[in-house]
Amino acid sequence: MGPAPAGEQLCGAIGEPEVMEPALEGTGKEGKKASSRKRTLAEPPAKGLLQPVKLSRAELYKEPTNEELNHLRETEILFHSSLLRLQVEELLKEVRLSEKKKDRIDAFLREVNQRVVRVPSVPETELTDQAWLPAGVRVPLHQVPYAVKGCFRFLPPAQVTVVGSYLLGTCIRPDINVDVALTMPREILQDKDGLNQRYFRKRALYLAHLAHHLAQDPLFGSVCFSYTNGCHLKPSLLLRPRGKDERLVTVRLHPCPPPDFFRPCRLLPTKNNVRSAWYRGQSPAGDGSPEPPTPHYNTWVLQDTALESHLQLLSTMLGSAQGLKDGVALLKVWLRQRELDKGQGGFTGFLVSMLVVFLVSTHKIHTTMSGYQVLRSVLQFLATTDLTVNGISLCLSSDPSLPALADFHQAFSVVFLDSSGRLNLCADVTASTYHQVQYEARLSMTLLDSRADDGFQLLLMTPKPMIRAFDHVLHLHPLSRLQAACHRLKLWPELQDNGGDYVSAALGPLTTLLEQGLGTRLKLLAHSRPPVPEVSWAGSRVPRDTKDIQDPPKHKDSGSLTLGLLLRPEGLTSVLELGPEADQPEAAKFRQFWGFRSELRRFQDGAIREAVVWEAASMSQKRLIPHQVVTHLLALHTDIPETCVHYVGGPLDALIQGLKQTSSTGEEALAVAVCCYDDLSRLLWGLEGLPLTVSAVQGAHPVRYNGAGDLSSDQPPPSMMVCHLEGSGQWPQDAEAVQRVRAAFQLRLAELLTQQHGLQCRATATHTDVLKDGFVFRIRVAYQREPQILKEVQSPEGMISLRDTPASLRLERDTRQLPLLTSALHGLQQQHPAFSGVARLAKRWVRAQLLGEDFTDESLDLVAAALFLHPEPFTPPSSPQVGFLRFLYLVSTFDWKNNPLIVNLNNELTVEEQVEIRSGFLAARTQLPVMVIVTPQDRKHSVWTQDGPSAQILQQLVVLAAEALPMLEKQLMDPQGPGDIRTVFRPPLDIYDVLIRLSPRHIPRHRQAVDSPAASFCRGLLSQPGPSSLMPVLGYDPPQLYLMQLREAFGDLALFFYDQHGGEVIGVLWKPTSFQPQPFKASSTKGRMVMSRGGELVMVPNVEAILEDFAVLGEGLVQTVEARSERWTV
Amino acid sequence: SISKKKKRSGHPSPPISFPAIPIKFSEKQQASHYLYVRAHGVRQGTKSTWPQKRTLFVLNVPPYCTERSWLTVTSASQVQAILLPQPPEHAEAPPASDICLSLQGFQVAYVVFQKPSGVSAALALKGPLLVSTESHPVKSGIHKWISDYADSIPDPEALRVEVDTFMEAYDQKIAEEEAKAKEEEGVPDKEGWVKVTRRGRRPVLPRTEAASLRVLERERRKRARKELLNFYAWQHRESKMEHLAQLRKKFEEDKQRIELLRAQRKFRPY
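As they're listed, the protein sequences go chains A and B. Numbered according to this note's numbering, the first sequence spans residues 253 to 1382. Numbered according to this note's numbering, the second sequence spans residues 10 to 279.
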């Protein structure tokens, strides 16, 4: 159950600078911190903390009632668990319309009905003569070509019927829409109105006149046009009530033909109803070839004739079965969270309802099933059925005059016929959209089958916006380019069918082209569905300014087309597209597809093949090969130039790139370091002359998987290694003596490495530093019984028991847990190459917010690892960008108070163990750190978050993440380009009381700063590259030393914040509690002075002197000390 | 440069028992800290490490003061020893930094003078005292860290000598203990008890918590193996009831969770 209280975050976000003050009070030194933590956590459950349930024995063991037993049985049969049942019920309560609102909507509908039938008629005119329309009314349709035969007159509708989900009770909040069908009187229509858009023209004129009259009415708050399912030939009129109910409901008016007006056989998918002679002003090629069929056009006409029959079908099937209705509501929520139902050609709630009807009629769903079971069955069906290949039909009759399914497959990509057997319900759904639905259904089924505790949350409550779901996205902008693409792709029949909508016409061929080109790099390609526009109709009764009235939107107005790529990490980094052998017939096809990029190449096995080779040297460039593929193919086949393709895949890479190698995000440097580490381990194993031989060497430093950010600095920190020796009974059993023997080993190790391998070494009592190929390794000899020796406590009776001590915990952490974690994360990195990038971006961001000191590297790595190990409802990220966005989402929504973050490394924890961990967590909550991260190796203590962060700092991070996420997503989704991507990485400085600015000369990692400095200082660089024989300066980090001194001296008066990756400024916050005047006490004089306050002598901080101390302690490092607030003047 | 602050109203006046002596790092600073000093005295009868009457008790010593700087601050000749109580030593300093910084915040100091008159002279000091002067500069900031770093580079030889001496003493101590244990083995003490150790001819279980827990666990398992489950009707009934109780507990927990989520408005899919 992840997310944290939304309300809490919200108020935090709004009043942020003020929040910081009280939030930070009480954070003092270690002891104080702990107590404040306990205090905040031990608050009553009213504050949102789960408590272990306490039920009395009598309550637990009382005789069960029949009702209770029934309820339990039902839960077991119809739902996974009681929790799920409760969750589903809660959700349905939330999305369902209340009776009170229904009454208000009904009243509004009655009003609408009265007004619609009273709209005055208009005498008959030619269709092309639209002079009768009042000034300022625009026909909500592009009339291209304008000339068309036929006459039009307005008559009030013959019948006004409510259709759609409102009557069924399956409409869900928000966005309550009520669909109303207006049956146009037969007198308006003429024979052959089905031809050449005449019906649609009349429909549009009908609405225009209606809109003009309704807009005068004070009942309506807004009157505007929209388009049914985005089909721009079929406008509909949206009416909203005036006043406080404006957001309550939208009534959509759909004009439709009188029953049996169109002959269904004229509207089969193989028929043509838009003549080329009319549409293109020329007859089809003179050779007498037949007119191209217009399946989509036909479907749109058919849809209008079937509104009522669909409603009848739905209400007979779903009418009395509450479970089915619940199921439809759940499915709608599911689609909505995945953004599948909206826009042109979306997989709408109507489709899903029809699907439920289909499954009921094929007995896959029974009417007694619960909503949850319906959801499951439908997902199961979607996951396993490919409607792009095997269409389905609701039609039961075996009338031979009906068209075959194959005819529909010819004309449409997805086939699902209604009960008439003539109308394809999925006509507008593209193959990509359906595949996306299928993919989501498959993911959801796996999630449901895994019986995860928080399945409900992940399935129905987690939004999956495109930018967060797909590894890379690309925007095509401006859209008008697609018009040229249509001509290039020779899509004239499709344009004729779509009434000139070149976006829809080009979408299918475009996605097919890219899918083919990306091949093995691609798991899934999805496209955004162009949003359904609303054309405003100002809705005021006074004669309006014509500016208020908009023309119907052009196709290019739908902004941009966004494609999302879900990448397959295995194939992603290959630089080669291998084609067929040169003499094969397919070679020509391959050449044609890849154009000039295809070359003949001779391979090692002697084969001569067509092949395409992409240029990419580093890992980060390889990740962006899809960019090259996409731009190349689009330019080659569709004439869309590179400037119109805005590829968003790696703008964040800049933040983890070294300054020297701007093209690499560090994976290469990492490989070199790992190689060097392996060499050194081999040397250690083979070392002769140690009293005990080396039995194992373990890396214990993040360098193994993601230290690259550090490697690129001038002064890389040493990489830790732990060296285990063979077992021996000779070790002393006394802590002090063990330390000395270890020191002797460290000395000997240094000696031998120098003697036998000529390595530069430096030994201390605790470690030996070894310089090898430019990297410094810090080897620690470990004695495995040492933690135990440190823990031993002898009771007065002589019983020896083991108790954790700070020293033993530290030793265990460094020599046991750290190597284990390192190797587990290294394994993860091998499995998911994007891990290091995500982890480094995450760390970079947290540090950049100046909050880094409280979060250990390991804890942030583990949070990043959770994104890969528990990606549901997503799949593991394949690019740093999407991983980072999900990191921000996780941080901003995870409820740390009530949940441990379980990171199941190597999948070692079973479901039962996880349940046990959760209950153990609840029971021990108050003793645990604020942020609890559980791994298989560390099930109880959360060692990496033991020393922080405090509740306040964590809350601050949550607030910052919640602000950064939408901002960054908006930037990345902007088709004009993301702008300055570093914005969210710049910390807010205005909350600090004092800013200490540092001199860049003494900042060792200055070049890692978020904004790369124009000039930076490096020293100690060798004149020639290559390994040096001098031991480099290690760990000399003036800002850190300075911070240590500051915290030691002023830790109880202020908090200090700093970005250790090259920050130039230290933020200081005074602690308000320490600024309370205190009575004179010998123990509390630190940095304070005595003042007389109202005749009493009290102590207050000597701020002026302290500010000068800041400068004195950091002499040489500190440039300026800016006191920015007067808050300390007590 | 430090942005200037408006001068505080009201001169700091010390409590009578603790005279305040202003102290600054050097001439350059404008504001000063205040040392609160008093002659060190203890109640009658309690023992003190510091000599009575000759010791000055100083509060609020700024972080940059070292013992040496005290000599410059007070008239050097009279001071015999300065004792800054050391912070409790860490068992093994966390190797967060390579430099073993002499970390210090504001401290308490005991200054022992040669003569009692030194104390009264110090109490009369008007200040402001300067820690770093031209003749006796005190290092701070970058200069201090650089010299600290240089000092922190270990001398392997010294380390070796330290290890050898310690181990020699340790070995000797162990040898003595063993010899003593051998001597006592099997010999009853005054009350006739014989001490049984691991080293004897028949070694016994070590007296550790872990070992005793292991024994208990083995016993428990043995008993569990013999027990019959769901054999009697009452056992059956009870296990059913137990299952029901579990379900009830789970249900109660779930309800609490739902309540929490509802309070957090977690059921809004929009």
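Heads up, a few of these hints could be off.
[As the list claims (entries may be wrong)] If the Cβ cut is set under 10 Å, some of the chain A residues that face chain B in the computed set are:
#1 Glu311
#2 Arg588
#3 Leu712
#4 Asp1147
#5 Ser1171
#6 His1254
[To be verified] Distance condition first, Cα-Cα at most 30 Å in a straight line; then the derived DSBU-like pairs of lysine-lysine:
#7 A:Lys352 / A:Lys594
#8 A:Lys314 / B:Lys259
#9 A:Lys775 / A:Lys841
#10 A:Lys742 / A:Lys594
#11 B:Lys182 / A:Lys306
#12 A:Lys345 / B:Lys264
#13 B:Lys264 / A:Lys353
#14 B:Lys37 / A:Lys1043
#15 B:Lys124 / A:Lys1043
#16 A:Lys345 / B:Lys235
#17 A:Lys345 / B:Lys37
#18 A:Lys1192 / B:Lys37
#19 A:Lys496 / A:Lys594
#20 B:Lys258 / A:Lys314
#21 B:Lys249 / A:Lys314
#22 A:Lys742 / A:Lys345
#23 A:Lys314 / A:Lys716
#24 B:Lys124 / A:Lys1333
#25 B:Lys37 / B:Lys62
#26 A:Lys1192 / B:Lys199
#27 A:Lys306 / B:Lys264
#28 B:Lys231 / A:Lys1192
#29 A:Lys594 / A:Lys775
#30 A:Lys306 / B:Lys259
#31 B:Lys37 / B:Lys135
#32 A:Lys353 / A:Lys594
#33 B:Lys199 / B:Lys189
#34 B:Lys264 / A:Lys314
#35 B:Lys199 / A:Lys1333
#36 B:Lys182 / A:Lys1043
I should point out that these hints are in silico values taken from the structure, not numbers from a laboratory. Cβ atoms here follow ideal geometry from the backbone N, Cα and C, with glycine treated the same way.
Hint check results:
For the restraint placing Glu311 (chain A) at the interface with chain B, the shortest Cβ-Cβ distance is roughly 8 Å, inside the 10 Å limit, so the hint holds. A least Cβ separation of about 7 Å between Arg588 (chain A) and chain B falls short of the 10 Å threshold, and the interface hint therefore holds. A least Cβ separation of about 6 Å between Leu712 (chain A) and chain B falls short of the 10 Å threshold, and the interface hint therefore holds. Contact between Asp1147 (chain A) and chain B, as hinted, is supported at the beta carbon level, the nearest pair being about 8 Å apart and thus within 10 Å.
Taken as an interface hint, Ser1171 (chain A) checks out: its beta carbon lies about 9 Å from the nearest beta carbon of chain B, inside 10 Å. For His1254 (chain A), the suggested interface contact is upheld, since its CB lies about 6 Å from the closest CB of chain B, less than 10 Å. Distance hint between Lys352 (chain A) and Lys594 (chain A) is fulfilled; the C-alpha atoms sit about 27 Å from each other, no more than 30 Å. A distance of roughly 16 Å separates the Cα atoms of Lys314 (chain A) and Lys259 (chain B); the hinted pair therefore holds under the 30 Å criterion.
For the proposed pair Lys775 (chain A) and Lys841 (chain A), the alpha carbon gap of about 24 Å is at most 30 Å, so the pair holds. Between Lys742 (chain A) and Lys594 (chain A) the alpha-carbon distance is near 29 Å, which keeps this suggested pair within the 30 Å criterion. For the hint pairing Lys182 (chain B) with Lys306 (chain A), the CA-to-CA distance comes to about 56 Å; that exceeds 30 Å, so the pair is violated. Between Lys345 (chain A) and Lys264 (chain B) the alpha-carbon distance is near 16 Å, which keeps this suggested pair within the 30 Å criterion.
About 28 Å separates the Cα atoms of Lys264 (chain B) and Lys353 (chain A), which keeps this hinted pair within 30 Å; it holds. This hinted pair does not check out: Lys37 (chain B) and Lys1043 (chain A) have alpha carbons roughly 51 Å apart, beyond 30 Å. Between Lys124 (chain B) and Lys1043 (chain A) the CA atoms are separated by roughly 48 Å; this puts the pair beyond 30 Å, and the hint is violated. The straight-line distance between the Cα atoms of Lys345 (chain A) and Lys235 (chain B) is roughly 53 Å, outside the 30 Å bound, and the hint therefore fails.
Between Lys345 (chain A) and Lys37 (chain B) the alpha-carbon distance is near 71 Å, which puts this suggested pair outside the 30 Å criterion. With a C-alpha separation of about 54 Å, the suggested pair Lys1192 (chain A) and Lys37 (chain B) falls outside the 30 Å cut-off, and the hint is violated. With a C-alpha separation of about 26 Å, the suggested pair Lys496 (chain A) and Lys594 (chain A) falls inside the 30 Å cut-off, and the hint holds. With a CA separation close to 12 Å, the supplied pair Lys258 (chain B) and Lys314 (chain A) stays within the 30 Å bound.
Distance hint between Lys249 (chain B) and Lys314 (chain A) is fulfilled; the C-alpha atoms sit about 12 Å from each other, no more than 30 Å. For the hint pairing Lys742 (chain A) with Lys345 (chain A), the CA-to-CA distance comes to about 51 Å; that exceeds 30 Å, so the pair is violated. In summary, the hint linking Lys314 (chain A) to Lys716 (chain A) is not supported, as the alpha carbons are separated by about 45 Å, beyond the 30 Å threshold. For a cut-off of 30 Å, the pair hint linking Lys124 (chain B) to Lys1333 (chain A) stands: about 28 Å separates their Cα positions.
For the hint linking Lys37 (chain B) to Lys62 (chain B), the alpha-carbon distance of about 35 Å lies beyond 30 Å, and the restraint is violated. Between Lys1192 (chain A) and Lys199 (chain B), the direct Cα distance comes to roughly 48 Å. Violation of the 30 Å bound is thereby established for this hinted pair. Between the alpha carbons of Lys306 (chain A) and Lys264 (chain B) the distance comes to roughly 13 Å, so the proposed pair stays at or under 30 Å and holds. Restraint check for Lys231 (chain B) and Lys1192 (chain A): satisfied, since their Cα atoms lie roughly 29 Å apart, inside the 30 Å limit.
Taking the CA atoms of Lys594 (chain A) and Lys775 (chain A), the gap is about 23 Å. The hint holds against a cut of 30 Å. Distance hint between Lys306 (chain A) and Lys259 (chain B) is fulfilled; the C-alpha atoms sit about 11 Å from each other, no more than 30 Å. About 18 Å separates the Cα atoms of Lys37 (chain B) and Lys135 (chain B), which keeps this hinted pair within 30 Å; it holds. With a C-alpha separation of about 24 Å, the suggested pair Lys353 (chain A) and Lys594 (chain A) falls inside the 30 Å cut-off, and the hint holds.
At roughly 17 Å between alpha-carbon atoms, Lys199 (chain B) and Lys189 (chain B) fall within 30 Å of each other, so this suggested pair holds. Simply put, Lys264 (chain B) and Lys314 (chain A) have alpha-carbon atoms about 19 Å apart, close enough for the 30 Å limit, and the pair holds. A hinted pair counts as satisfied when its Cα atoms are at most 30 Å apart, and Lys199 (chain B) with Lys1333 (chain A) does not qualify at roughly 55 Å. Under the criterion of a C-alpha separation no larger than 30 Å, the hint pairing Lys182 (chain B) with Lys1043 (chain A) is consistent with the structure, at around 22 Å.
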